[in-house]
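Single-letter residue listing:
Protein chains: 2
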Amino acid sequence: MAGQIYIIGMGPGFKSMMTEAAFSAMEKSDVIVGYTVYIDLVKEHFPEKEFFTTPMKKEIERCRACFDYAISGKDVAFICSGDAGVYGMAAPMFELLPEYTTDNFGEENITVIPGVTAAISGAAVLGAPINHDFCVISLSDLLTPWDRIEKRLQAAIMGDFAIAIYNPSSHKRHDYLKKACSIMLAAGADKNRACGYVENIGREGQSYNTCTLKELMDTEVNMFTTVFIGNSNSKIIGDKIVTPRGYKYE
Amino acid sequence: MAGQIYIIGMGPGFKSMMTEAAFSAMEKSDVIVGYTVYIDLVKEHFPEKEFFTTPMKKEIERCRACFDYAISGKDVAFICSGDAGVYGMAAPMFELLPEYTTDNFGEENITVIPGVTAAISGAAVLGAPINHDFCVISLSDLLTPWDRIEKRLQAAIMGDFAIAIYNPSSHKRHDYLKKACSIMLAAGADKNRACGYVENIGREGQSYNTCTLKELMDTEVNMFTTVFIGNSNSKIIGDKIVTPRGYKYE
Chain A
15 MAGQIYIIGM GPGFKSMMTE AAFSAMEKSD VIVGYTVYID LVKEHFPEKE
65 FFTTPMKKEI ERCRACFDYA ISGKDVAFIC SGDAGVYGMA APMFELLPEY
115 TTDNFGEENI TVIPGVTAAI SGAAVLGAPI NHDFCVISLS DLLTPWDRIE
165 KRLQAAIMGD FAIAIYNPSS HKRHDYLKKA CSIMLAAGAD KNRACGYVEN
215 IGREGQSYNT CTLKELMDTE VNMFTTVFIG NSNSKIIGDK IVTPRGYKYE
Chain D
15 MAGQIYIIGM GPGFKSMMTE AAFSAMEKSD VIVGYTVYID LVKEHFPEKE
65 FFTTPMKKEI ERCRACFDYA ISGKDVAFIC SGDAGVYGMA APMFELLPEY
115 TTDNFGEENI TVIPGVTAAI SGAAVLGAPI NHDFCVISLS DLLTPWDRIE
165 KRLQAAIMGD FAIAIYNPSS HKRHDYLKKA CSIMLAAGAD KNRACGYVEN
215 IGREGQSYNT CTLKELMDTE VNMFTTVFIG NSNSKIIGDK IVTPRGYKYE
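Chains as they are written, first to last, in this note's numbering: chain A, 15 to 264; chain D, 15 to 264.
Please note that a few of the clues may not be correct.
Because identical chains share one entry, a pair is satisfied inside a single copy or across any pair of copies.
Cut-off 27 Å, straight-line C-alpha distance, at most; resulting in silico cross-link-like pairs (DSSO-like, lysine-lysine) [claimed, not checked]:
no.: 1; residue 1: K165; residue 2: K262
no.: 2; residue 1: K72; residue 2: K262
no.: 3; residue 1: K42; residue 2: K29
no.: 4; residue 1: K71; residue 2: K262
no.: 5; residue 1: K262; residue 2: K186
no.: 6; residue 1: K249; residue 2: K72
no.: 7; residue 1: K42; residue 2: K63
no.: 8; residue 1: K165; residue 2: K228
no.: 9; residue 1: K72; residue 2: K57
no.: 10; residue 1: K63; residue 2: K29
no.: 11; residue 1: K186; residue 2: K71
no.: 12; residue 1: K72; residue 2: K42
no.: 13; residue 1: K193; residue 2: K165
no.: 14; residue 1: K249; residue 2: K192
no.: 15; residue 1: K71; residue 2: K249
no.: 16; residue 1: K165; residue 2: K249
no.: 17; residue 1: K71; residue 2: K29
no.: 18; residue 1: K205; residue 2: K165
no.: 19; residue 1: K205; residue 2: K228
no.: 20; residue 1: K228; residue 2: K193
no.: 21; residue 1: K57; residue 2: K29
no.: 22; residue 1: K88; residue 2: K72
It should be emphasised that the hints constitute simulated quantities derived from the structure, not laboratory data.
Start from the sequences and build out the full structure, keeping to the hints where you can.
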């Protein structure tokens with residue numbers, strides 16, 4: 015009989031930030047599959063388990079390994095950092111599923127278990143930067159043409175959304191956040207727009223800062239950073255960034 | 015000595031969808047504060063606790079009660095459905111904090127504990143509808159002028175975001191989803207755009223459907239529904255909706 019595949023959002027990393035469902039799916043699986051770095055974060059809880067890891071850019075090998083394990087009868091926990099369906103492995107798994115579908119294997123063998131994505135966990139650290147309508151945009155152009163990213167940044171400003179930016183930087187893209195800030199300024203965002211960023215959310219070395227959009231433009235962040243741009247009503251209160259929901263206080 | 019306030023995202027409701035941090039903050043608090051309906055979802059786990067509930071539209075009373083309890087020395091768990099900072103209570107709490115700040119009470123007394131918001135938990139049920147850049151938009155015009163909501167729907171289509179729609183309907187706003195669909199169609203969304211919706215996410219009676227944008231326009235949903243609009247690349251695979259991340263398969 016074929017096994018079950020649990021595509022699991024593990025949150026930022028620590029067990030305390032996982033849901034009970036995420037942890038117990040790992041517990042009951044025969045094998046845990048994931049990116050090397052994330053596997054290292056959960057290994058200590060399951061010293062006796064079988065693990066299958068692949069490095070970065072080998073995501074599809076990871077997906078195919080999950081199907082192979084499940085079809086051979088093993089229950090598989092496929093872990094993603096943050097959420098399973100936000101830039102996660104849920105989409106490629108459902109895209110590949112028809113290739114593996116038989117009378118004995120199909121949609122009923124796959125469960126997605128959601129997790130706390132960085133927009134949510136980072137927002138909690140910074141206060142309440144996305145407490146109204148918001149967008150999530152990745153600056154990584156590995157899989158997305160840059161002109162589409164540019165269009166989304168412009169639309170986000172036109173719609174006056176609060177924005178969470180993923181993958182703001184990498185070795186090859188160290189100036190992408192600067193470029194993104196220029197695009198947002200050109201699209202009409204005020205240079206004093208309230209912004210903030212969090213490094214190493216929910217991990218060792220977590221830190222955060224608030225600043226204006228103008229200041230953000232001249233800030234170098236690393237690849238472990240999630241960046242937040244407030245909407246036109248957002249404000250810095252103390253050292254938090256707050257996007258009002260619209261309540262009146264008396 | 016003043017107590018701590020934990021503003022907690024409890025996820026869709028069941029304990030299995032809470033993070034360990036969320037549950038343990040409730041466990042160690044002296045009093046649990048929240049909207050009547052959400053308190054009923056956690057009461058069974060803490061039969062001995064003190065509870066403070068207020069009905070809908072009494073959110074600010076709830077916030078003030080948290081401050082009063084904490085200043086009187088009690089630890090307070092302030093629970094929100096989904097996440098604490100997505101249309102949640104984190105923003106009003108930080109907006110009210112300066113009123114209550116003294117030498118002995120301030121930012122250090124407040125912790126936001128993130129949770130799984132409906133965009134994430136609903137997406138997991140539907141497959142992978144927001145597996146690329148996405149927006150979250152609430153159709154509730156209680157606290158937001160409708161023209162701003164309209165502008166955001168238009169911008170979301172212009173930016174070709176996947177979209178999660180909160181509060182698509184209520185007794186007084188039964189035709190708001192229809193209006194939203196018209197706006198998106200007028201903004202250039204294809205009538206065959208892949209869409210889906212989930213009712214009672216992670217609760218008794220959970221159900222989901224996929225459809226086209228045109229079909230969605232003629233669908234009546236209730237207030238316990240979260241609606242998803244794919245981007246221009248999204249597709250229905252089996253009975254799931256999938257927004258590709260952009261991987262090539264071989």
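Going back to the hint list, which numbers does this structure go against?
none
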